[in-house]
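J.: Those sequence lines, one after another, are chains P and E.
The end of the first sequence is residue 254 by the numbering used here, with every number in the run present.
The end of the second sequence is residue 658 by the numbering used here, with every number in the run present.
Worth double-checking, as some hints may not be accurate.
Simulated restraints on C-beta separations [unchecked claim]:
id, chain 1, residue 1, chain 2, residue 2, range
1, P, P115, E, T18, 25 to 31 angstroms
2, P, D247, E, D505, 31 to 37 angstroms
3, P, G25, E, S2, 18 to 24 angstroms
4, E, N304, P, V10, 52 to 58 angstroms
5, P, G235, E, R265, 48 to 54 angstroms
6, P, D116, E, K494, 50 to 56 angstroms
The hints are simulated quantities; they were obtained by calculation from the structure and are not laboratory data.
The C-beta atom is built at its ideal place from N, Cα and C for all residues, glycine as well.
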Amino acid sequence: MARQAPVRDVAPTVQRLRLRYAKRGRLRFTSTRDFQRALERALRRTGVPMAYSQGFNPHPRISYTNAAPTGTASEAEYVELALVKRLDPERLRDALDEALPEGLDVLEVVEVRTPDLAARLEASVWTVELPGVGCEEASSAAAAFLKCDRAEVSRLTKSGMRTFDAREPVVRLETREASPGADGTPCAILDLVVRHVTPSVRPDDVLAALRLVADLVPPIPARVTRLAQGPLVDGASDGDPRRAVSDPLAADRD
Amino acid sequence: MSVESVFPQLEALLPLVTKPVQYVGGELNAVSKPWDSVSVHWALMYPDAYEVGVPNQGVQILYEVINEHPDALAERTYAVWPDLEALMRANDVPQFTVDCHRPVGAFDLFGLSFSTELGYTNMLTALDLAGIPLHARDRDESHPVVVAGGHAAFNPEAIADFVDAAVLGDGEQAVLAITEIVRAWKAEGRPGGREELLLRLARTGGVYVPSFYDVDYLPDGRIQRVAPNRPGVPWRVSKHTVMDLDEWPYPKAPLVPLAESVHERMSVEIFRGCTRGCRFCQAGMITRPVRERSARTIAEMVDNGLAKTGYEEVGLLSLSSADHSEIAVIAKGLADRYEGTETGLSLPSTRVDAFNIELANELTRNGRRSGLTFAPEGGSERMRKVINKMVTEEDLIRTVATAYGNGWRSVKLYFMCGLPTETDDDVLQIAELASRVIETGRQASGTKDIRCTVSIGGFVPKPHTPFQWAAQLDHETTDARLRKLRDVIRADRKYGKSIGFRYHDGKPGIVEGLLSRGDRRVGAVIEQVWRGGARFDGWSEHFSYDRWMAAAQNAFEGGPVDVDWYTTRERDYTEVLPWDHLDSGLDKDWLWEDWQDSLAEVGVEDCRWTPCFDCGVCEQMGTEIQVGPTGVTLLGMPPLPPRGDDLLAAAPSPGTAL
């Protein structure tokens, strides 16, 4: 007879912790799955008392939310852990940050006091560096894009090639000039705020749209960083783009 | 002179390639030493994709052994996929190491580990991208010394043009000996240049330098003789054998990559060598004698490795893990020790007996019993006598009945096709065997929800085995035989739906056969096929049989030999084999007698349990088999240290909503 999965005497969850971490430098090339493996191994090395699922293949209970694409750096990735013992969030932050490689950096850990972090991650603030693109060229492309009602782009997703509108979720798109590189190459920077929709619209989709509507073709691949995620702030249509969203962990901190 | 990282140039290319994470390094437990802090620099390559190469135990061991040396460093490099290769060529980015992204051409030594001959073309790509001349004779003192190791190095003749040296056998002590010779030579101001360095290596008797040997041929294409062409260079080169594995408990800090690899678990090697005497198995022949690691050292390596890696599964590796003389103690001890820690233990073993299942049951006390693998290798009783796989059909049926009765739901059976003297009938008996397995399994388990997968590939005769003289079966006959087997299995209305059939077609085996029993004339084929675009020949989506055959036709044009001559031709006793001057310890006459016994369907026992059969290794190499029992159990070990206690909250604060 087929064996039944043993009913295991698993310890109950007594605490949940939310982590914000960054993906920096060369480790921006890690995928979500790469990060997941690295995190789970770091948790085991540091002896974090994780809660496990039932079944034949018990898994540590970790929720991953809305990860930045492979190749994209980020200062604002979120993960939630379920634990069977109560930990000191600050000590866990230090220990996990130490155990993870440099470039996967745990920035803050807070105890969960409110449900549904994912719902609060309404939008992302991105910065897109375009080496080899002048600021004027970028500005006029951005203006052309913002004038459109729709900007349809296609991308290969897990469920095949999908076509969707990259314009509507874009809340803000501004351009500025970075200090030129050592060899004097210009570099435009796009500040981009995008609402999270399904299918998700990512910075490379906006770049694809800029190519379609304004022939903007960066000679060198763009360097993209997610600066923040969180609830959209009403009326924050100018000023520091990071203020376009508020801290999604604020409610847990109160 | 310091060496700059090429990462800034590489980084701009990474967004344009698939899986860029494989090129950025950053593995846990990787080592970065300052270039100028040591005098001997090794670049180590596993010549396949990163995901295949990074778990390789041989490279991980040598990497750590060298990096522990105060005056040496080692970094790793892997084959880059064609998308990155094209970008590197267009942007003048050289072959780089993943540790510090230093150019491979800057190192003193470039060591390549060949588990399979199908990595040869990837070596040429790496040499070329590194700016190292493809031919050893064109290199000067500014270039690394290119050293081949791994099982394929037991006949490196096909790559003799491209490597400066080859090392046979265990690498732990050999790399340190080479490091010392290079260190001394550099400290003395490189007297005599590259030639002198290679001479110093060759004169140890443990490093094969192909250019110091001349090969003469007979008009019919066979080798007349292989002779050293420098004074002091030995006629035969010996393999290396590490005798006390407890003294070499490597890797102590296994590498954990960020990228997904083909082997997502930690490995602990529990013994080296195998004395079962399966006549097709090169690994079993060239790694003799058996040397067991003690139960205590194994347990310490498991403890230490888990703490340093965070892996959740440990594989206990060897050529036949259930054969360790204390495996029952080890399996129970580890299963007890890690009970309740969500740590998986696995024992890759293909032994066909009930003991194997007891072990597997022990290691899966709480986990899933999905599949067990057995390797009868030959489909008929007669075939199994020819290959010396002493398993009867009754053994197999009894074993699978036990497996299904113990809750295992699927059984995988490994076979080979194209073994010496094999007929269609020998292979077709696999179908009957598989049907009996399902019939028995349904009875033993009381359910129809069980499966049996037959996995079968073409046999390739290998050097230093009793089958080194055998004719390889041509790929047409191999494929035809496999198709017949598939058709018979499919036609089985009663059990066929429960039998899976996986097979590898015969063409790659012919190329592997050409390379593994090749001589120096095969080098021209490898170079031509590489120039024609061959890369990643171990990957079916990249492998092109036609490209190989076209290159061979060109390279062998007008000569007395061709691909058939190397592959489907049977050799006789008097023929000088290309690897005769490379000493695996096995007595050639013993191998020949075993080949004759094979044809007479006579078996030979395992010398671990029975008296010596004079294969020659122990006598020749001054070694001996090392098996337990030591009588030491794991009960004496200190308990696993509690971890994570320092993270606990000072005082529990109740009442948090979860």
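J.: With respect to the beta-carbon atoms only, verify the hint that E/N304 and P/V10 lie 52 to 58 angstroms apart.
T.: 28 angstroms, violated
J.: How does the Cβ-Cβ distance of P/G235 and E/R265 compare with 48 to 54 angstroms: does it lie in that range?
T.: 53 angstroms, holds
J.: Holds or violated: the 25 to 31 angstroms window for the beta-carbon distance between P/P115 and E/T18?
T.: Hint violated: Cβ distance 38 angstroms, outside 25 to 31 angstroms.
J.: Per the hint of 18 to 24 angstroms, is the separation of the Cβ atoms of P/G25 and E/S2 within bounds?
T.: 22 angstroms, holds
J.: Go ahead and decide if the range 50 to 56 angstroms is satisfied by the Cβ distance of P/D116 to E/K494.
T.: 54 angstroms, holds
J.: Is it true that the C-beta distance of P/D247 to E/D505 lies inside 31 to 37 angstroms, as the hint says?
T.: This hint is violated: roughly 59 angstroms between Cβ atoms.
Going down the numbered hints, you'll see the structure goes against 1, 2, 4, while the others check out.
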